[in-house]
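K.L.:
Read off the chains here:
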Amino acid sequence: MIQIEVNGKTLTAKEDDTILSAVRKAGLNIPTLCHMDGYPPSGACRICVVEVDGVNGLVPSCSAGVRDGMKIKTHSQRALEARKTIVELLLANHPDDCNYCVRNENCELQSLAAELGVRRRTYTGRREMLRIDASSPSIVRDPNKCILCGRCVRVCEEVQGVAAIDFTKRGSRAQIGTAFDQGLNLSCCINCGQCIVVCPTGALAENSHVKLVLDALSNPEKFCVVQHAPAISVTIAEELGCTAGSDYDGKMVAALRRIGFDRVFDTSFSADLTIMEEGSELIHRVKNNGVLPMITSCSPGWIKYLETFYPEFRPNVSTCKSPQQMLGAIIKSYFAEREGLKPDKVFSVSIMPCTAKKFEANRPEMAQDGIPDVDAVLTTRELGQILRMFGVDMNTIEPEAADTPFGTRSTAGKIFGASGGVMEAAVRSAYFLLTGTELSNLNLEAVRGLEGVKEAQVEINGLKVGVAVASGLGNAAKLLEQVKAGRKDLHFIEIMTCPGGCISGGGQPISADTNAVKARMKALYQIDASENLRTSHTNPDIKRIYEEFLGEPLGEKSHHLLHTHYAQREVVR
Amino acid sequence: MIEANIQEILESHKNAERDALIPILQEVQESLGYISKEAVVQIGRHLNLPASKIYGVATFYNQFRFQPVGRYHVQVCRGTACHVKGSARVLEAVQNALKIAPGQTTRDKMFSLEVVACMGACGLSPVICINGEFFAKVSPAKVTKIIESYRTEGVSKHVA
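So the sequences go chain by chain: A and B.
Residues 86 to 658, numbered by our numbering, are exactly what the first sequence covers, in order.
Residues 45 to 204, numbered by our numbering, are exactly what the second sequence covers, in order.
Since the hints were made in silico from the structure, they are not lab data.
Predicted, not measured: the structure shown is a model, and the values here were computed from it.
Glycine included, C-beta positions come from ideal geometry on N, C-alpha and C.
Hints may be right or wrong, so weigh each one.
Partial chain B-side listing against chain A, Cβ under 10 Å, derived [what the hints assert, rightly or not]: (1) K81; (2) V84; (3) I98; (4) Y99; (5) F104; (6) Y105; (7) C162.
Assemble the whole structure, with the sequences as input and the hints as a guide.
P.N.:
Now the structure itself:
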């Protein structure tokens, strides 16, 4: 430990601290635009400059290490003036349309300008009308609003290993772009939306389906149903300004009815259904010398990554559709039939923590007779917008339960929202399906938590089943390379596109810190610990849908409605 | 044939790492006249670099182009002496005549346009160069005529 002096007060810091990390640990904030916790510093924005005794110029605190006895002034007049000037220069060619911006009141540049007292345009720069890239079904990129902080580039390359975008051109013409400036839809982008979550401005946003949904809600011809993903109930509160990790499940169901949905379903139900199909598929593969390790297929970003970067693993990936698409297919068949509705009269909305789900719902194979299984996908952020638009007061609204025939879900389906949840749910049911008895301890602690790769061994009927869980595609790639190199002890791998799983998906509230993600994860496992129905195969509504409609897992109807196939994608990468 | 050229270049850079990127790009451009998508993908596989990164590096430098050159390659000098003598308006006139931006090639593949920093002919400024032939002390009106003459008489008069 060493001692530094910050604004006249002595602090202790670790030798490997930067000025920024030391100061922030002491509870004082220095603003940044390019810095991201957990990444090496890039020093691109210079917003975090501070004065250091004995150093002539200002020092970027994100990349300067602490030294013993260092005397630092974080908010001296000189530092504040410099920050203000930098913001004024960034604003010189920034559009003046905050009112119309998706990030109005949730923009780091806007807040910083306000905090630093920027009250007039000091500099006027050359403004070009750069082309907005709306080619992707998931992500819209507006380079006019980009401040070149580079966060999106880093998350895309360093976390996801995709590198669909990078800095192109030079100097005042520099911009973020894909290879050959193609649309994102033609690039190797996997639609995960992690770039949106880290973007400080409105340069990146989801392709909004809000209008589609509002149109359908006000159309008397349409019967509007909605499903919400397991991770939504523990994050929507945050989007509405409440504490991270509050569970708004029942309140959200009630709110969705208030804004006009005819039926509200929980995707956790079809997560249970996924477990029945995927668990049976795993057992089938193990018993029949099928391709192993089997890999999960719930995460659509991972699926596009597979098709683009690791097509050779296609036979390993479960043929199960994701829970969103399973419920979508069941709603327009079983449910529509049960209610006497024509499938094209049903408008099926899903609320997802994910931008890749928009792409997934758009895939041509996710339709029956030309009618898409899911008509619109809203992110957590878009749901927040609609709830605010409709003036729903979440504090006073009374919780309500989901609708039949998919009203019951197990907590195994609910923990799908966290990395490791699918694996834990699958192990619970696979154990039962193979042995006929329940696990004595349902908790599989080894696969919980925020680590990038988690592994465990589970003994079922004398067979040592090796399981691994990866979240963040860079971590997934490491695991896949091990399998490619001949690793044989793994039977089942869960891969989630986003680090930590759906709770930190690309559709979730902007700029969540690690503590918020931890709180969301804790909330999911709290639900699992506090309820009694904890396994998918004991869910009575799951039993009913097999009795009334599907027959058996991997049966004829399941094959037609709940399973899919994957393509190899030839894109510039 | 083009792919074979790229392969040949890559084979001459065995076990190369990312620091070999710029020399490889230069050799590819030397050989093909431009950097094709196919080339970027192959260089990426060879150096284990994403296509976006290679494109990012290549667009940083003015020397690389991403479209094949046309039958007539027009170079407009934007060096200091030419600038003082009005090369900005000359470039504008060429762009208007060809309806392309620097780095691009016309759809009929007749003309391509490149901006260069200095051709070492400052005494002749402002200067342009078409397939190695220099045109001295040009004006916007003059370059428009020159382009027009290449367009109409091009094949018979200028291809030797």
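K.L.:
All hints, please: hold or fail.
P.N.:
Evaluation of the provided hints:
no.: 1; hint: K81; verdict: holds, 6 Å
no.: 2; hint: V84; verdict: holds, 6 Å
no.: 3; hint: I98; verdict: holds, 7 Å
no.: 4; hint: Y99; verdict: holds, 4 Å
no.: 5; hint: F104; verdict: holds, 5 Å
no.: 6; hint: Y105; verdict: holds, 8 Å
no.: 7; hint: C162; verdict: violated, 18 Å
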